[in-house]
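There are 2 protein chains.
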Amino acid sequence: MSITVMNRSVWTGRRFLSSLNTLRPTIRELIANPPAVESEISAVGHIKSIRQGKNAGFIDVSDGSSANNLAVVIKNPTEVLQNLNLKIGQSINVKGQWVESQGTQPYELVFNPNIESHELSIIGDVPDTYPIQKKNTTIQNLRHLPTIRHRTSTLASILRFRSFMETKFIEFFNSRQFIKVSPPIVTASDCEGAGEQFRIESTSKWKSAQKEPEDFFFGKNAYLTVSTQLHLEVLALSLNRVWTLTPCFRAEVSNTNRHLSEFWMLEAEICNVDSLRQVTKFSEDMIRYVTQAVKDSATAEVGNGQDLISSRFGKDEIDKLNQRWDSVLTENEWPTISYSEAIEIINRVMNKGRSKNRLQWGDSLQTVHEKWLASEHFKSPVFITDYPASQKPFYMPESQDFNPDKPTVACFDLIFPEIGELIGGSLREHSYDKLIHRMKDQGMNLEDMEWFISTRLNGSIPHGGFGMGFERLISYLSAMENVKDVIPFPRVSQSCYC
Amino acid sequence: MSITVMNRSVWTGRRFLSSLNTLRPTIRELIANPPAVESEISAVGHIKSIRQGKNAGFIDVSDGSSANNLAVVIKNPTEVLQNLNLKIGQSINVKGQWVESQGTQPYELVFNPNIESHELSIIGDVPDTYPIQKKNTTIQNLRHLPTIRHRTSTLASILRFRSFMETKFIEFFNSRQFIKVSPPIVTASDCEGAGEQFRIESTSKWKSAQKEPEDFFFGKNAYLTVSTQLHLEVLALSLNRVWTLTPCFRAEVSNTNRHLSEFWMLEAEICNVDSLRQVTKFSEDMIRYVTQAVKDSATAEVGNGQDLISSRFGKDEIDKLNQRWDSVLTENEWPTISYSEAIEIINRVMNKGRSKNRLQWGDSLQTVHEKWLASEHFKSPVFITDYPASQKPFYMPESQDFNPDKPTVACFDLIFPEIGELIGGSLREHSYDKLIHRMKDQGMNLEDMEWFISTRLNGSIPHGGFGMGFERLISYLSAMENVKDVIPFPRVSQSCYC
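Protein sequences appear in the order of chains A and B. Under this note's numbering, read the first sequence as residues 2 to 499, first letter to last. Under this note's numbering, read the second sequence as residues 2 to 499, first letter to last.
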């Protein structure tokens, strides 16, 4: 198509004006775009609290659209509350008068049983044992209530927080000319060559699992992806810059506060990159962008900003959030050290005087070391680069200052305070010969990976990329201590409720 | 947290100015924000075509970031082209002078071998058998080249198209106060109670698949989701309006142009809805919004609009796209008919004089009927509502004008020209008693579904929603005939390459 074909006469058709929104307004809309004072409106939501005063009753109603509750004032409260047997957790429909308020909210909804047009009805009742009461129940206990735990102010705000972050990632990557792609979940390959995978089969063919591959649904063994990187590389070599936010699956029995068997991974692959520094800098920009957006929105005094933060949070929680955001938005760039430097620092400072803890070059950094470096030593996110080749997968190329005595690869981990590893990334070996060499070194089956290897024979381009556990970042920025609380239905070993 | 805590003094910390982009500019950036004329720049991409003129050679270079190629002009072409053995498909690095062009592109890059600072080098070679040549290969043949098919102008534009649509869906749902959520992929439930599912197990426990559930990784049978609706309902009952765009899996052996075993489903659930009309209207608004955005961007004469459309498309293809977009952006609302009316129209018009084809009330509408209604009869997308209860799942409530002789449920299918069913949606039965009644009628195991049923006992709210096959909409709006060409790595029965 040449540009000249694209003139207006070809592209006819009037712009369709979207009809008025036919949905009833949410409480968030009522608060953000308040109706005219004195007008009659109705609202639907769950009762969060009930308080009976002398001349009026007060009900906080939430529909989950906002961190703010709708304040409902009940005239003749004794009569109304006794007749209706209102309880926390019930869903109700209230029709009343929208008035300015003297309370913390600018407006409230007044229900007066003596005004005929007013209405107050229970839509959905709750049993007396409804477990979420005004008194805070712990986040841990809420995990046993998977179908109602997001009615709490805190967990509802976390899901809004997550949704907001996703939008900001879209914005960031669009502004950097990245294409969002959907690499496959079902794969015949094991990207990391290490992790426990989940295997899949159609229920009707399940029992033939011991038989010949031709009998399987896909005609071969098929697995859930542990990382979409290899497929993403293929797409980057066609589209230049690609990213994805995709579920990934690891059949590990790690019952920690930062592991899930099903999690969402943000991965990016970037062509025309030849220095690791470009990739670390890019990932730093990305996280700063999203963190700044979170902070700006949370601190906005108008609009929907506060909806990212639980209305239950007090000064301590807010201070903690602030401190976390500011630990990301440091004035200076985050420090970058090599693995060898990390070993040296840990031995010199952390293990000072404890010679039996001393690390040797080649040892793995443990989570305790990583957290110490970020939380205690640098008090900042920190990039650790150039790990020993023996610790890393086949697709990573030799470091720039490669030393055959201590062979390292051009890779990095981004270590965050409190959570440890947030991102893993590297340059990707783009030379066919070197890739084959490294795969043979690791004893890999080249035939299975022929599709991937072929990209290095068909117009290969230097590139690099990274993967980030989305739940870990949400957990850090929202100050939730466990990734199980930032995904709606967490999946871990021995746990797949509903 | 009260609003007064959120004052500026609490939220300290200077805004971090993102460092300059450390990535090398894409060809899209070079075209959108051209460097100064006469300046020296370099670019990297794949050779799309080579043409040798008398005084100059012409190479089209693409990096996949744009539908537009970078035009490279080679001075002293005989010498250069013979020395380098340039071939289509190679990745090259060109450094030369950026000049205004007399051709269709406003600028071109001039490489002159006699200027010392200029460079032209092959980064990644290709074999002589490199299968993508300037002469078009068919879309069908490209399916056999999964690792390089997105180097073609057409399939690269489709992935940009898909990415663009995803951004526009985010915009649409954000503007309507929806929260984007991530319901689980791994589930213990079968939402539709009908479809063939995929079962999953960790590789190390695979062989114990015949043993006791306690031996399984999740302590029970676990499946890949066929629809996230039930989990989405749980979240809507907490957050009011939720949506998702998630992979879904169906182990069907349907090798058609509109089925995939792994596909992305866009699903939405909306609380406080009591009329089916609200849901159909909302889904119409949604599709119009995205289609209008596609059309506006594709027809934009500035910016990156054209990147949604293959540079290979001629007038015929553009006309077809235009016709499809205009078939969505009709001046009037899309027609809505009931299932009973559909039967009547089909018998009266389509089957006129063919009495053996006559449909009885209760018969399923076949794809051929659906396509005829949308493509031939209404020449428009059309909503068909209120199907017989016996054809639909347990969660759908009775229609408003319920007739016990011909029992129907409050549901709809959105039928599109060419592709048939695009969306399926309904109100959801929110009454505990009625839900249980319908589940028992369908012989379902209530115990397995206890978690879902419990939502109807804990502050239930009327709600409705829908699910849309994302690939089907992309396929229609991009005029690609097969959903296999709008997802990067299609998965169907007997096919899971790489």
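Calculated directly from the structure, the hints in this document are not laboratory data. Just so you know, not all the hints are guaranteed correct.
Any copy, or any two copies together, can satisfy a pair, since identical chains are not distinguished.
Result set (DSSO-like, lysine-lysine): computed pairs, CA atoms no more than 30 Å apart in a straight line [claimed, not checked]:
(1) Lys88 with Lys353
(2) Lys393 with Lys206
(3) Lys135 with Lys88
(4) Lys357 with Lys206
Just so you know, these numbers come straight off a predicted model, no measurement behind them.
(request) Enumerate the violated hints, using their earlier numbering and listing them in ascending order. (result) 1 and 4
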